[in-house]
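If you read the protein sequences in the order shown, they are chains Z, V and R.
By our numbering, the letter at position 313 of the first sequence is numbered 313, and the numbering carries on one by one without gaps.
By our numbering, the letter at position 230 of the second sequence is numbered 230, and the numbering carries on one by one without gaps.
By our numbering, the letter at position 127 of the third sequence is numbered 127, and the numbering carries on one by one without gaps.
Any given hint could turn out to be false.
The list that follows gives simulated cross-link-like pairs (lysine-lysine, DSSO-like), each with its CA atoms no further than 30 Å apart [what the hints assert, rightly or not]:
1. R:Lys82 with R:Lys181
2. R:Lys153 with R:Lys189
3. V:Lys42 with Z:Lys49
4. Z:Lys57 with V:Lys193
5. V:Lys46 with Z:Lys312
6. Z:Lys269 with Z:Lys312
7. Z:Lys269 with Z:Lys173
8. Z:Lys50 with V:Lys193
9. V:Lys258 with Z:Lys312
10. R:Lys200 with R:Lys55
11. Z:Lys180 with R:Lys97
12. V:Lys329 with Z:Lys49
13. Z:Lys407 with Z:Lys246
14. Z:Lys369 with V:Lys74
15. Z:Lys173 with R:Lys137
16. V:Lys230 with Z:Lys207
17. R:Lys115 with Z:Lys407
18. Z:Lys173 with R:Lys97
19. V:Lys96 with Z:Lys369
20. V:Lys258 with Z:Lys207
21. Z:Lys92 with R:Lys55
22. Z:Lys269 with R:Lys48
23. R:Lys55 with Z:Lys269
24. V:Lys135 with Z:Lys298
25. V:Lys154 with V:Lys329
26. Z:Lys50 with V:Lys329
27. Z:Lys369 with V:Lys258
28. Z:Lys173 with R:Lys55
29. R:Lys115 with Z:Lys180
30. R:Lys82 with R:Lys167
31. Z:Lys369 with V:Lys329
32. Z:Lys407 with R:Lys82
33. Z:Lys50 with V:Lys186
34. R:Lys82 with Z:Lys173
35. Z:Lys312 with V:Lys230
36. Z:Lys207 with Z:Lys92
37. R:Lys55 with Z:Lys246
38. Z:Lys508 with Z:Lys269
39. R:Lys115 with Z:Lys173
40. Z:Lys298 with V:Lys230
Keep in mind the hints are simulated off the structure, nothing from the lab.
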Amino acid sequence: MGRGSIGYRIYTITYLSYALLIVLPIAWTLLSVFFTEGSLNDNLGFLDKKILLLLGKSALLAFLVALFSTLLGTMTGFLLNKTNVVFRGFFKVSLLIPLFISPYILSVAWKDFFFLVFGNSGFISSFFGVGLVLTTIYTPLSMIITGSALSNINKQLEESGFMITNFRRVSLKITLPLIKPALISSFVLIFIFSISEFSVPAFFGVKVFTTEIFTQFSAFYNHSMAILQSSLLILICILLLFTEGKYLAEAPFLSVGSKGTSNKTYNIKNGFSLLFLSGWLSISVALPFITLFIQSFKGGTDKIIQAVGLLKPTFANSIGLAFTGALIITFIGFVAAYGTRTKKGTSFDWLLLVVFAIPSTIFGISLIKFYNHPFLDVIYSGYAIILIGYAGKFSFIAARLIGNAMKQLPDSLGEAAQIEGISEINRLRKITIPLIIPSLFAAFIISFIFSLGELGTTIMVYPPGTEIMPIKVFTIMANAPQSLTSSMTLIVFSVTLLIIIGFYFLAKPLVKDHNSYVQN
Amino acid sequence: MKIRILLIALLITLIVTGCSDNSSEVIVYTSVDQVFSEPVLKEFEKETGITVKAVYDTEETKSTGVLNRLIAEKDNPQCDVFWSGDPLRTVLLKNKGITTPYESPAARDIAPVFKDHGYHWTGFSARARVLIYNKDLLSQSDVPGSVFDLTEEKYRGNVAIANPLFGTTTFHIAALFTVSGDARAKQFLDDLKSNNVVIATSNGDVKKRVVQGEVACGLTDTDDAFEAIKEGANIGFVFLDQKGIGNLIMPNTVCLIKDAPHSGNGKKLMDYLLSKQTEARLAESCAQMPLHKGVEVPENIPSLDSIVPMNIDYDKTALKLEAIQNYLKEWAEDQ
Amino acid sequence: MLHKLTLAIEANKLTCLLGSSGCGKTTILRLIAGLEVPQRGQIEIANKIVSENGKILVPPHLRNTGFIFQDLALWPHFTVYKNIAFGLSERGEEKVKETVFDMLDFFGLQEQAEKYPHQLSGGQKQLVAIARSLVLKPEILLMDEPLANLDVKLKHKILEHIKNLNKNFDLTLVYVTHDHKEAFAIADKIVVLSEGKIEKTGTVEQIKKSENAYVSYFLEY
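All chains should be modelled from the sequences, with the hints used to inform the complete structure.
What follows is the structure in structure tokens.
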């Protein structure tokens with residue numbers, strides 16, 4: 001596209017804004033720690049055997065979580081998007097629930113469950129326990145990513161397989177290989193989330209690399225050391241994403257047929273599928289939920305009423321911020337994905353990735369150090385700083401989701417319009433965007449959920465006196481009976497769910513349109 | 001067109017929220033649990049008409065909050081007053097040059113031991129470390145009298161302590177080192193380890209485990225103990241070492257931040273917090289013991305006069321803490 | 001939507017289903033293949049009922065049919081070799097390599113064996129699609145407008161291939177098109193469809209001479 005075109009201008013402005021407002025503060029902080037606070041040699045001295053072993057342990061945990069989450073997420077995504085198993089709609093929403101709840105609170109629910117049932121929580125307070133809880137939390141993410149990809153496969157590719165062999169073999173040899181980009185994205189994203197997670201391992205008393213970083217912050221107040229150690233994490237994440245990008249770029253199988261992308265669903269015997277879905281629902285949702293319910297209503301409805309009273313002042317702020325944040329994030333994700341697609345280069349992707357890989361606290365501290373100046377007060381003392389936090393943390397995920405959807409659009413669709421003289425911006429508006437509406441919507445929803453629950457960065461930068469939901473839950477939790485904490489969790493969850501359902505109904509006409517014109 | 005209007009509206013909203021009239025406000029960061037600190041701050045707001053904007057803290061093991069924020073904001077402070085649940089963190093801030101002296105008239109009759117020599121911080125409303133125990137699992141006669149008793153065989157696997165790297169537990173251990181000497185304190189910790197002490201994530205977690213019966217007893221603070229009793233749990237608590245080194249008393253502390261944006265209002269808030277009125281309020285809400293004389297407290301609240309306190313210098317303890325931190329980290333992490 | 005349609009396809013002949021878009025010809029093909037199921041009525045292949053009243057009794061991969069889709073549906077993640085070999089290895093056939101290379105030779109595609117579909121020309125893709133189906137020795141080959149995207153010269157060349165297919169490979173061919181010239185070039189029998197109904201069935205000569213109003217109208221264009 002021409003340099004003067006609107007599309008190019010929007011891309012450039014978004015790119016520069018992101019680089020200046022979000023990446024620059026981080027770069028500033030990292031560089032100042034590495035080079036101005038002690039010599040580079042001294043600073044690299046923290047790389048001892050113990051730290052590296054710990055990093056290895058974290059990487060192993062993250063690897064296992066990513067593997068199992070992707071496996072389970074793909075299975076559920078497949079059953080819910082490519083078969084006509086009963087109660088699909090119900091499962092699609094209910095299996096997302098672990099995403100709406102803070103990992104810490106799920107950990108507490110799991111521990112209490114084990115204690116209630118077995119009288120002993122030793123089993124869950126282990127490497128395995130951390131892995132289990134993290135897997136239940138991140139499987140829904142994989143489900144969304146792979147499910148979205150599965151529903152975009154050209155059905156004729158599968159049908160030509162059916163002429164040769166049965167459903168099982170077609171799924172294994174044709175359907176799944178065709179969604180390799182989504183499988184890899186899911187694995188990498190979840191790996192990064194898991195390796196950066198600290199509240200779950202900290203709660204179960206399992207020492208991992210992030211608990212080490214956290215200790216440097218919270219016990220030693222040694223920002224420099226914490227930041228130095230974090231740079232290792234960031235490096236690993238970058239390496240991983242680099243490998244992923246290279247692999248996908250060289251893969252020859254990203255083109256799809258020109259006849260559109262109607263989805264084929266299959267009749268299957270309900271028995272095993274229902275068993276599997278219900279089983280997973282029980283483990284990932286029902287178990288912790290029942291525990292939360294028991295805890296909340298132990299002494300009657302007092303605590304729930306109290307929880308409502310405590311959280312009510314936070315609703316408007318939190319929902320408004322999360323909504324605005326999700327809009328901004330989806331926009332950035334779209335622009336970045338589009339830029340990569342139209343070969344403006346992948347540097348925007350890299351920027352998003354680097355910020356995504358940064359632990360929340362360090363991101364928060366970078367923002368403070370950069371924006372806490374009198375002439376930037378307008379940003380630092382208002383909601384803007386929180387929105388910058390959200391945009392930094394979650395734009396990468398949105399870009400991935402939307403990017404995957406764009407990859408599955410045939411080039412010919414845009415090219416046909418280009419030949420007819422339709423401008424780039426109109427091609428975007430009238431062709432690309434309508435065809436990827438489900439992914440835009442999914443990206444928005446995920447960004448909303450994550451923004452609504454974000455704690456690590458927000459707590460560092462939120463303007464004094466502002467009431468924000470996740471912060472309030474955790475500050476009250478510091479000295480509240482378990483029943484109140486569980487009640488607050490249930491309230492947060494209910495609010496999030498209600499809003500998601502609201503969005504779903506609002507977006508349904510859009511998605512319906514999309515489905516109707518990709519049928520052929 | 002619509003998008004343009006939306007963007008402009010967004011920008012205006014952001015600017016408006018960023019700029020506000022701050023002539024009659026005060027900004028306070030507090031590590032005292034919101035359920036207790038918020039009502040006090042709201043009362044101040046009502047009485048003085050000064051708007052209080054607070055930043056509350058989570059438990060240390062859930063997120064890094066207030067203190068790190070204060071340290072990061074050092075070059076352009078946003079906060080006026082820091083209200084801490086213990087003196088150690090305030091001493092840390094003083095040592096980093098983040099506080100400025102203020103001698104409040106309201107604190108004149110508070111004993112000098114609870115104040116910084118240079119008035120960088122002032123103490124009020126104290127908590128104490130206590131041993132809480134589950135009455136179903138431990139009879140009165142079996143309750144230990146000294147913290148050192150916890151290493152005895154009969155308490156094997158039945159004692160909980162919060163991670164000594166965080167919170168008031170750090171303070172407690174550092175105080176033990178200061179008062180009993182390094183050798184004794186290290187021996188104590190090693191013996192605790194061999195006696196299968198359970199390391200919980202926080203004081204609240206200790207409370208929960210004792211209440212649930214997972215362990216028979218645990219070290220925590222008075223406000224956690226009182227909360228548990230209020231919730232109807234069958235627990236008791238004791239002050240330890242009443243015949244020995246004494247029990248650790250931990251005052252709340254308040255300090256004025258250097259170059260605070262509203263130091264005038266900050267001083268007013270400090271005066272309020274250091275008043276008898278606030279102490280009476282905190283005694284009622286979270287069983288914190290007044291340091292002023294003659295403050296009316298509910299019956300069930302112990303008075304400082306009835307506790308044999310540990311005799312420590314807070315500044316020295318803070319230094320000791322820094323010295324033993326790495327050792328504590330090793331101790332907490334070696335399984 | 002097909003309306004109460006009865007159609008018999010003769011073995012070892014090339015039958016063309018001719019009609020404009022939306023007349024139901026692709027649907028018929030998909031019904032024969034087992035990719036769609038008739039709500040009412042039945043489909044019989046070689047005197048065996050394979051679909052009946054909403055049920056698929058014999059799944060597509062067991063009907064011994066081949067299907068060439070309109071956009072060919074070559075698997076983008078398989079090479080040409082793998083696209084053709086896939087069916088053979090799934091069926092546990094022996095001498096897969098030999099069989100595949102024989103087929104590639106037949107169509108002059110030896111040089112393309114290790115290429116991916118997106119690296120081939122339109123004509124080459126076409127031939128790969130046909131080779132892929134033929135290598136499994138189907139009894140029936142179903143072709144859904146296979147020449148829609150090719151130039152005239154290539155069309156002729158491939159039509160020649162197709163015409164000879166049922167002789168060289170002992171096949172029954174069902175060929176869907178909207179282009180009567182194609183049909184006239186290769187068909188043994190033509191079935192003209194309109195709006196889900198059969199207008200006329202007959203040989204090329206019979207269709208050319210037909211007085212059926214729709215057929216005449218259709219052939220004018």
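Verification of the supplied hints:
no.	hint	verdict
1	R:Lys82 with R:Lys181	violated, 34 Å
2	R:Lys153 with R:Lys189	holds, 24 Å
3	V:Lys42 with Z:Lys49	violated, 51 Å
4	Z:Lys57 with V:Lys193	holds, 24 Å
5	V:Lys46 with Z:Lys312	holds, 21 Å
6	Z:Lys269 with Z:Lys312	violated, 46 Å
7	Z:Lys269 with Z:Lys173	holds, 21 Å
8	Z:Lys50 with V:Lys193	holds, 22 Å
9	V:Lys258 with Z:Lys312	violated, 35 Å
10	R:Lys200 with R:Lys55	holds, 29 Å
11	Z:Lys180 with R:Lys97	holds, 27 Å
12	V:Lys329 with Z:Lys49	holds, 17 Å
13	Z:Lys407 with Z:Lys246	holds, 15 Å
14	Z:Lys369 with V:Lys74	holds, 9 Å
15	Z:Lys173 with R:Lys137	holds, 21 Å
16	V:Lys230 with Z:Lys207	violated, 34 Å
17	R:Lys115 with Z:Lys407	holds, 21 Å
18	Z:Lys173 with R:Lys97	holds, 19 Å
19	V:Lys96 with Z:Lys369	holds, 16 Å
20	V:Lys258 with Z:Lys207	violated, 37 Å
21	Z:Lys92 with R:Lys55	holds, 28 Å
22	Z:Lys269 with R:Lys48	holds, 25 Å
23	R:Lys55 with Z:Lys269	holds, 14 Å
24	V:Lys135 with Z:Lys298	holds, 21 Å
25	V:Lys154 with V:Lys329	holds, 27 Å
26	Z:Lys50 with V:Lys329	holds, 13 Å
27	Z:Lys369 with V:Lys258	holds, 17 Å
28	Z:Lys173 with R:Lys55	holds, 26 Å
29	R:Lys115 with Z:Lys180	holds, 20 Å
30	R:Lys82 with R:Lys167	holds, 26 Å
31	Z:Lys369 with V:Lys329	holds, 28 Å
32	Z:Lys407 with R:Lys82	holds, 23 Å
33	Z:Lys50 with V:Lys186	holds, 23 Å
34	R:Lys82 with Z:Lys173	holds, 11 Å
35	Z:Lys312 with V:Lys230	holds, 25 Å
36	Z:Lys207 with Z:Lys92	violated, 34 Å
37	R:Lys55 with Z:Lys246	violated, 46 Å
38	Z:Lys508 with Z:Lys269	holds, 29 Å
39	R:Lys115 with Z:Lys173	holds, 19 Å
40	Z:Lys298 with V:Lys230	holds, 15 Å
Going down the numbered hints, you'll see the structure goes against 1, 3, 6, 9, 16, 20, 36 and 37, while the others check out.
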